[in-house]
Structures are given as structure tokens and as C-alpha cells.
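Student: Everything in the sequence shown is counted per the working numbering, starting at 1 for the first residue and increasing by one.
Worth flagging that the hints you see were computed from the coordinates, not collected in a lab. Treat the numbers as computed from the prediction; the structure is a model and nothing was measured. Some clues are possibly wrong.
Said to hold, decoys possible - Label-pair ranges, simulated between beta-carbon atoms: (1) Ala567 with Met104: 40 to 48 angstroms; (2) Leu448 with Gln365: 42 to 50 angstroms; (3) Met104 with Gln365: 18 to 26 angstroms; (4) Lys224 with Glu468: 52 to 60 angstroms; (5) Asp59 with Arg10: 16 to 24 angstroms; (6) Asp681 with Glu358: 57 to 65 angstroms; (7) Lys224 with Glu107: 52 to 60 angstroms; (8) Asn492 with Pro698: 40 to 48 angstroms; (9) Asn400 with Asn492: 29 to 37 angstroms.
Beta carbons are placed, not taken as given, at the ideal position from N, Cα and C, and that holds for glycine.
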Amino acid sequence: MSLDVFFRPRSVAVIGASRTPGKVGHDVLANLVSANFSGKIIPVNPEADTILGLACYPDLQAYGKEVDLGVVVVPREAAFEAVRECVEAGVQGIVVLSSGFREMGEEGHAIEKKIVELCRRQAVRLLGPNCLGVINTEADLNATFAGRYPEPGTISIFSQSGAVCAAMLDLCSARHLGVARMISIGNKADINEIDLLSWFATDDRTKVVIGYLEEISAGDAFVKAAEEVASIKPVVMLKSGTTAAGLKAAAAHTGVEAGVDSAYGAAFNRSGVVRADTFEALFDYAAALAFQPLPRGNRVLIITNAGGPGVMAADAVEKAGMQVAILENRTITLLREKLPRQSAVNNPIDVLGDADPERYVAALQAAQDDASVDAVLIIMTPQTMSRPAETALAIAGAQNGSKPVVASFLGGQDILPGRERLCAAGLPAYDSPERAVAALRAMYHYSLWKNRPPRQITHFRVNRRRVERIITRRQRTERLTVGEVKGKAILNAYGFKIPLGALAISQEEAVEIAERIGYPVALKIVSPNIIHKSDMGGIQLDLSSAVAVEDAYDLMSLKIRKRAPHAVIDGIYVEEMVARGLEVILGMNRDPQFGPMLMFGLGGIFVEVLKDVAFHLAPITESEAVQMLKSTRSYAMLEGKRGQQDVDVNAIAVGLQRISQLTTDFPQITELEINPFIVGDVGTEPIVADVHMTLAKP
């Protein structure tokens, strides 16, 4: 069923309407009236004849006419009966603003479940409970108890939190961001973010979608819905509950468990959602995306009336992974003609402290005509000669829409009139260069995603039957931890290069295997109870003779008996020593909401201490795999910078794609880690040195 009934109702009934100002039932009714809603408003309260000049009814049956939308504001204990009254009256959409349901424990959860079951039986859509309501400025609809009604515009808001919704509306007014729709989903008992994203995708009035979420319950469906919208219009989202304390608070707030934050990051990246890390950034990005065109590249021109802020902006640009644009010679020549002799005419362009609006306009027009510039950042600081308000109006009027223009008017009271006029004119204004650059970076990354090539998943030729036999046998015997021997057999079936080796259960057998594969060799303990072999003395390397193998076998057996006396030992794996190279880690963790999540990082300190890892949802394309590598801070080491030898980056990307195919083919694999994955020069084949997997219970 369409959500039109919530956004475009012809009649709205308020069940629990009140005559007392300050009560939710009164404020919802007052908001409907003050917004000049053109449809029918029906207050329902058995103890009143009129409220706010409107005829009041004891129940909907007494009203006796068709009602599109019912807004329930009664206490939790009366909510089920109020919803049943709406359903029996033929109401097609119900908003339950009342709180105290799932978020308050089992008793409230039981009432919420009864309400949901009733609505679903009758094909009635339910918003909430525990929400703020819905606004549609196009229809003059304000079915909320929010304290502020927004200016009409093109930004649509949804939020899991009603209080955050109210704050969003207030901030939109302060920053002159017009709102098309606002909807609060609360506990998401029925209508959720996936329903709303699908509706916003086809809503012509909505140009930018911004959202606040504490959890996503259907990961795969969310990714598909978000990708559908983001391919048409920007979606900017703030996801809270990213820490242990946040996860606990989110569960208490809306009664749902939030997922692992890295999975959300991977899902947003895959689906094109622009992620905001702060409430402030949510509106910084939304303002830029709503009012400015997307940049074609990442080259930024800075115009400033002071040197220091220009340096700050240049630092911010480089730290954001963007470039300080190099101007064309003709632009420099033109600027020398237009600006005072003392002005710096490279980048940043310094129009000097006594700059009038005309200087700013001249610099902006030159920047807009320069093909080497993709975006413009305009900075003003308050000086005795500054004219912030006039300059703001001149800058806003000089925009030609060819490339994004953002501003950072630094200061407080003196600069405020200029910032106000910029916002009112649709030119995003920020109180620091760093925030302005962050908005440009968000726009650039969204532009890259939107213009990405079609997703094409590579399907490698593999031995799927071999893997199926191994996994089936392990699940049947409930040996769900897959160690090095069987793990390497699985990876070998999916095209990974595995060193020669075999399992030995005696000292003599170990020597025999070593003689067969050739020295030098390595010995590794094989046990389902020992994951980190080196910590237990379970690895011996560079053994170059039969005597060395015998001694190592005895020493390893002795250490393991002492350090892990209860461990089940399958044997000792004898394996050829592999060529040295760069050690990286490839992995997969199956997220309960989003499915297989791939991981990449450099070995050693980069993963363990710096936590420099990248994540992406499977299945993954070749370009996505390469981009995954580039997103790490340590990518420079792969390129051979900083004294390191370059390695075959494409070979790592292929390894990620093979893991993607394996874990997509076999959902029984819940965890997988290749550590280390040894990568050599370009053209050499990387080698799996060790692997660990975990299987789901059958």
C-alpha cells in the first residue's frame, strides 16, 4: 500500500484530542489548525463538545464519515482500543504518537505486537509507535507535536527519534533549509526506513533525503532501497549507536539492538548513502547537496580576504584527499588585471583585507570560467573595511551554477549578517573552512559513486563441489572450526595458490613429507582449539634438514602439551617455505543484517594497533575491490612509496573477489581470515600462508 495516505490525507482524526495546552493531544490538533490544513480535522474526545473551535466527537463511529489518517495520542494502555476503533472505521493510515511500548520492556512490547497484528490483518499501515508524526509542507499538513513548522522546500527528513526530528526542524529553519516532508518512524513496528526510501525515490518534490537511524533491521532490503534513491537524488544519513555505550542507549530508546558500525559503513558506501558522522555534518552536507551542483572533480579554488584562513583551507583540502587547484595562465593574467597589485593571484586567491564585494565577484567569475577548477570555497573574515551582508548578496548573485560554490564566513556577531544572507540565498555557509571542505568532499564522493560504471561481478571458474563436500562433512560432524588444512583445501578449490604441504601424525612422517616437497620447510600445529599458533609455540620456520625437522617436531609437541594440555591435536602440518613478500590480511565476517562483509588490511601493526582496515559488502566488483584497498591509510605501502617495494595490487583485489564469490556461494561460512596473504611483485601470484574459518551450525 502507498504511503500517500500519511502525506496527502483528505481528513485527519486526532484520537485523544485535548483542550489543555501543553498536552500532546492539544498540540497536535493546534498544529493541524495553524498549518491551515485544507482537509477535514476531526477531534475525538468523549469529554468535549468542541476543541479549538472544531466539533469534537466521542468516537469515530459518532463521526460516521470516511477518515484517511488517524493520529493516536492516548496513553499506552488505551492505545490498542484506539487503533481498533480506527481500523473498524475504515482508517487506512494510523500514527501512534504514544510511547511506552517495545522500548519500555516486555509488557509494552506485547501491546505493540497486538497493534501490529491487528493492522496487518486489515491491511492498514502503522507509523510508530513512539514517534513525532508527519509533516507535508506541500499539503499544509502538520500532524505532529513539534514546536516549529518549517519553510516549504525540497529536503525530506525521516528519523527514528522524534526528538531528533524536532531538532532537525529547528535547525532547518535556522539555516533556511526548506522542508518538503518530515516523518518520524519511532519504533518502526510497521513502516520503516525502507518503506520511506522507496517512497522518496519517486517523490518529485523531494530533492535531498536526510535521515537519522539507530539501527537497520533488514540490511539487504535497505541497501537495495537506498541504492535506488541515491541513483536519483542524494541521501545523507546519520547513524548513531557506533560505540558500546551508544548501542546500549539505542536499545533502551527504541527497543531494538543496533548492529556493528563497520557493517553500516560498508552498507552506506555500497548503496551511495552520504554518511554524516555528526548532527552538524548532516545539515552541512544536506545544504550543499540541496543547493549546489555536484563537482566534476576534486580540484578546489580558495578565495579569501586573509592569508591565515586561506592556509587553513588549503590544509583542509589536502587532508580531505582533494587538490588545491592549479589555475590556468589566462585566469592568473585576468586576476592580475582585476585585483590590486598586492593580491595573491595563485591559489589561494587573496583579495586582501579591504576587499569590497566587486573583488570577490571578480575572483569568483574567473574561477567559474577556469576549466582547472571543480569547486570554489569563498572565505571572509570580519575587518573594519568588510561588508559581509553586501558581499554575501554579491557572491550569491554571481553564481552561474557551473560548479559548486560554498562559503566560510569566519567570526561571530560581526560576520553573522553575511552568513544569514548566504543561507537565505541558497549558498551554503559554514563557520570554518574545515566544515566547508568536508561538505565539498561529501559532494565529490557522492559524484564519484553516482557516475560509477555499471556493477559487473566477476565469476571465477571454481570447484564448488569440493567445497560443498568439505563443508557438509564438517557440519554433519559438528566440527565447525575449519583450520589450516581444510581451509586451504577450500581456498584452493576457489583458485587461491596454496603452498605444497601435508599433515603428519609422527616424526617419521614429517621427515618423509619434507623430503618429498623439498627443503626448507615449515611445521605448524593443527588443532581446532589453537587459533593463534605462534603464541603457543606451534610454528617452526626455515627447517632445512631432516634433523632440523625431527628436532622441531619434538620441541613443538612438548611445548603444546605444556601450554595447551587439553587441546585436540590433529597433527603437524609440513609445508614448503614460501617466498617473502608483503603480508596482508583478507577476511570476511557475516553480518546478521547485511550478510558477508569483506575486510582488508596490512598485517602486523597496521591492523593490530592502527586498526587501518577497510570493509565492503559482498558481492564485490573489481573496481570496488581496488577502491577498498585505496581507502586505507597504508595504501601508499602497496604502491611502493616511502621506501617500500611495490606489490601487485590487482592480485589482492582478485583475492577479495574470490573470497566474495566463495562466501556468497556458501552462506554456511560465518567467518574467514587469510592471515597472512603474501603478495609479491607485479605479475607474481600471491600465496595463502594461513587460514581460519568458522561454519554455522547446521
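Student: If a hint holds in the structure, say so; if it doesn't, say that too.
Tutor: Verification of the supplied hints:
1. Ala567 with Met104: 40 to 48 angstroms: Cβ of alanine 567 to Cβ of methionine 104: about 47 angstroms, so the range 40 to 48 angstroms holds.
2. Leu448 with Gln365: 42 to 50 angstroms: Since the Cβ atoms of leucine 448 and glutamine 365 sit about 27 angstroms apart, the hinted range of 42 to 50 angstroms is violated.
3. Met104 with Gln365: 18 to 26 angstroms: 59 angstroms, violated
4. Lys224 with Glu468: 52 to 60 angstroms: 28 angstroms, violated
5. Asp59 with Arg10: 16 to 24 angstroms: Given range 16 to 24 angstroms: holds, Cβ gap about 20 angstroms.
6. Asp681 with Glu358: 57 to 65 angstroms: 58 angstroms, holds
7. Lys224 with Glu107: 52 to 60 angstroms: 35 angstroms, violated
8. Asn492 with Pro698: 40 to 48 angstroms: 24 angstroms, violated
9. Asn400 with Asn492: 29 to 37 angstroms: 59 angstroms, violated
When held up to the earlier numbered hints, the structure conflicts with 2, 3, 4, 7, 8 and 9 and fits the remainder.
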